[in-house]
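Q: Going down the list, the protein sequences come from chains A and B. Start counting the first sequence at 1; every next residue gets the next number (the working numbering). Start counting the second sequence at 1; every next residue gets the next number (the working numbering).
Quick caveat, the hints were computed from the structure, so don't treat them as lab data. Where is the CB? At the ideal position from N, CA and C, for every residue including glycine. Misleading hints may appear alongside valid ones.
What the hints assert, rightly or not - Pairwise CB distance ranges, derived in the manner of DEER restraints: (1) A:43 / B:327: 41 to 51 Å; (2) B:339 / A:17: 54 to 64 Å; (3) A:21 / B:219: 48 to 58 Å.
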Amino acid sequence: MNFKLKDIGPQLMTVIAVVLVFGFFTYNAQVNMENRGIDFGYGFLSQESSFDVQFSLIEYDGSHSYFRAYLVGLLNTILVSVIGIILATILGVLVGIARLSPNYLINKFAAFYVEFFRNIPLLLQIFFWYFAALRALPLPQDAEAMFGISFLTIKGLFVPAFIWENFNIFFYSIVAAIVAIIVIRTHAKKVQETQGKQIPVLLISIGLIFILPLLSFLIGGVRLSFEVPVLKQLATTSFIYEGGVSLPPELIALALSLSLYTATFIAECVRAGIQGVGKGQKEAAASIGLTQNQVLKLVVMPQALRIIIPPTTNQYLNLTKNSSLAAAIAYPDLVLVFAGTALMQTGKAIEIVSITMFTYLSLSISISLFMNWYNNKIAITEK
Amino acid sequence: MFKYLKQLTSLVAMVAVLFTFTTESMAAKKSKTLKNTQKKGFVRCGVSQGLPGFSNADAAGNWTGVDVDVCRAVAAAVLGDANKVKFTPLSAKERFTALTSGEIDILSRNTTWTLSRDADIGLTFVGVNFYDGQGFMVRKSSGITSTSQFKNGISACTNIGTTTELNMRDFFNSRGISYEPVAFEKADEVVAAYDAGRCDTYTTDKSGLAAQRTKMKNPDEHIVLPETISKEPLGPVVRQGDSVWEDIVRWSLNTMIEAEEYGITSANADSMKTSDNPQIKRLVGAEGEMGAAFGLDNEWNLRIIKQVGNYGESYKRNIADTGILPDRGPNELWTKGGILYVPPSR
Numbered sequence: 001m002n003f004k005l006k007d008i009g010p011q012l013m014t015v016i017a018v019v020l021v022f023g024f025f026t027y028n029a030q031v032n033m034e035n036r037g038i039d040f041g042y043g044f045l046s047q048e049s050s051f052d053v054q055f056s057l058i059e060y061d062g063s064h065s066y067f068r069a070y071l072v073g074l075l076n077t078i079l080v081s082v083i084g085i086i087l088a089t090i091l092g093v094l095v096g097i098a099r100l101s102p103n104y105l106i107n108k109f110a111a112f113y114v115e116f117f118r119n120i121p122l123l124l125q126i127f128f129w130y131f132a133a134l135r136a137l138p139l140p141q142d143a144e145a146m147f148g149i150s151f152l153t154i155k156g157l158f159v160p161a162f163i164w165e166n167f168n169i170f171f172y173s174i175v176a177a178i179v180a181i182i183v184i185r186t187h188a189k190k191v192q193e194t195q196g197k198q199i200p201v202l203l204i205s206i207g208l209i210f211i212l213p214l215l216s217f218l219i220g221g222v223r224l225s226f227e228v229p230v231l232k233q234l235a236t237t238s239f240i241y242e243g244g245v246s247l248p249p250e251l252i253a254l255a256l257s258l259s260l261y262t263a264t265f266i267a268e269c270v271r272a273g274i275q276g277v278g279k280g281q282k283e284a285a286a287s288i289g290l291t292q293n294q295v296l297k298l299v300v301m302p303q304a305l306r307i308i309i310p311p312t313t314n315q316y317l318n319l320t321k322n323s324s325l326a327a328a329i330a331y332p333d334l335v336l337v338f339a340g341t342a343l344m345q346t347g348k349a350i351e352i353v354s355i356t357m358f359t360y361l362s363l364s365i366s367i368s369l370f371m372n373w374y375n376n377k378i379a380i381t382e383k
Numbered sequence: 001m002f003k004y005l006k007q008l009t010s011l012v013a014m015v016a017v018l019f020t021f022t023t024e025s026m027a028a029k030k031s032k033t034l035k036n037t038q039k040k041g042f043v044r045c046g047v048s049q050g051l052p053g054f055s056n057a058d059a060a061g062n063w064t065g066v067d068v069d070v071c072r073a074v075a076a077a078v079l080g081d082a083n084k085v086k087f088t089p090l091s092a093k094e095r096f097t098a099l100t101s102g103e104i105d106i107l108s109r110n111t112t113w114t115l116s117r118d119a120d121i122g123l124t125f126v127g128v129n130f131y132d133g134q135g136f137m138v139r140k141s142s143g144i145t146s147t148s149q150f151k152n153g154i155s156a157c158t159n160i161g162t163t164t165e166l167n168m169r170d171f172f173n174s175r176g177i178s179y180e181p182v183a184f185e186k187a188d189e190v191v192a193a194y195d196a197g198r199c200d201t202y203t204t205d206k207s208g209l210a211a212q213r214t215k216m217k218n219p220d221e222h223i224v225l226p227e228t229i230s231k232e233p234l235g236p237v238v239r240q241g242d243s244v245w246e247d248i249v250r251w252s253l254n255t256m257i258e259a260e261e262y263g264i265t266s267a268n269a270d271s272m273k274t275s276d277n278p279q280i281k282r283l284v285g286a287e288g289e290m291g292a293a294f295g296l297d298n299e300w301n302l303r304i305i306k307q308v309g310n311y312g313e314s315y316k317r318n319i320a321d322t323g324i325l326p327d328r329g330p331n332e333l334w335t336k337g338g339i340l341y342v343p344p345s346r
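Turn these sequences into a full structure, and let the hints steer you where they fit.
A: Written as structure tokens, this is what we have:
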């Protein structure tokens, strides 16, 4: 009995302390809000928001509810985070490998990039890309066309929009290609395990992913046309492009600065991972007759990934959370739209800030869970 | 013996508790905010992050502007010295939270008086110190001279967390014009983005446009369009629930406006004590008991006029002489064609 109490005593005390602290804060907030005549409630979420948002992935205007505005902000946050994570990963891996290059110039350039971008505060970089780089961009009427169809201007990047006919058939063809690739891969693995024969899976996969969608164009009746943005005059000296898709400069500046910044950390993770695999491993692999590519694919990368994944997860989480700096440059993310405008219009500070915090928490935990799952999948399975 | 002693002590303790309770409630009759302010020795005032004419700090950190003068007037009234103010610069987003959480006691930050703000979020508006309306600024070279020339696809830069965002939607919606709202958190960033050409128009209160125009790279390249799309009565705000403090702030502002009406200035205030007009005498503390109800002495209003000046002096010093809005427009006294009209101090 005595032994048991010693075991659970500290834990019980911790729980009580946590409950007390939270209880105190809740009670304190309640009393103060009552004193100041502020009422608490989430009913405002269904009220009409009556403000517009610059850029939204779902249909939204001021006649929709605050909840819809919340979704707009959330989706914009997810959008910039996903773009940022993809770009940062590609750039980070490239730079990480470049840092190990025997080529002096490539090696030093990569090192310079890493040291430069990771040592300048992110907010400053965002300001630089938005305000300094933005000023250098041409006005819509002076913009040179890129490839004849896209325009990079101070008001954003205007690119052609895809106009599909029978898009669903095209979509099914891609799904079919992916399913076929998975089947072939499983089959190839079996063949190799049982008969020792190797099937060129990569070549077949590339072929499938191109040929099936191509067939959908040729015989499936899928048509694709482009809507090219056209310059429109608003006033004597003010212009805008109409038609096509426009990416606001705020999104471009934010995605660019987030990925340039985070890529430096990912590059270091990648370098550490590759260097963390012992030289003996490579030599041993080479000595049993594996080719250079096989050594990388079968011996080095699986071990390097185990070192790379956990710290890279941190970087993905950082990037997602850093995207809240968007408020500084008018990108309508969760913080600007919901914890900014919506908070001001409703005055529901505690409700909105708590929802926002909870949302970031959920986002981060989702990324974290996914990366942990992936990490477990590639971890060494001891036999 | 000991038994009695015990009873006696508890009796004394009870009386002591009762006594503290009564003195406490007597003091509580005075305003809690007033008590705290007098104890601290300064008025805690929330202002903008820099809006010339309204609240703007110079290089030495001295704040000037008509919004600043409201806080200085309150300091003169309750502390006897208009300089005993601690200014807290706040963004549009932070301002109400700062006030309701008790970080500041007066919010004098070009804030529009609206029903939902007054009723919903634990605030009380005490008056209007500037009648404003929302307008649009465009580049002169655009050739736009009226909002009727706005076309679909126009981009408009503004601040978040203001009535501006809502008015803008009402305006463009009612005219069926599609527009791109680009909303920043800080005014300086709005100006920078508009100045760079990110937006075709910059919209906020007209006084704000006039003030921000002076900050642009080349002010002459920009014009403010004549249309006014909303009513924006700007005024000081206090927390709900302290009616004495609310009255002090309200009547400090009213005193400045009424002083102008009766021609009392910082220069002649002392000599007005011997005026024949009883209304003037009340305004300089020479007649009646005009401070007692607030828990203040009788010369609180005289100090405001002497140290800060009347409304006209404040306007001239901060807004007219700085070239922001030389014409007082609606912010002229009701006796001179404007709409400034305050209840009488009596």
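Q: Using the beta carbons of residue 339 of chain B and residue 17 of chain A, state whether their distance is inside 54 to 64 Å or not.
A: 59 Å, holds
Q: Between the beta carbons of residue 43 of chain A and residue 327 of chain B, is the distance compatible with 41 to 51 Å?
A: 45 Å, holds
Q: Is the distance from the Cβ of residue 21 of chain A to the Cβ of residue 219 of chain B consistent with 48 to 58 Å?
A: 54 Å, holds
Hint compliance for this structure: no hint is broken.
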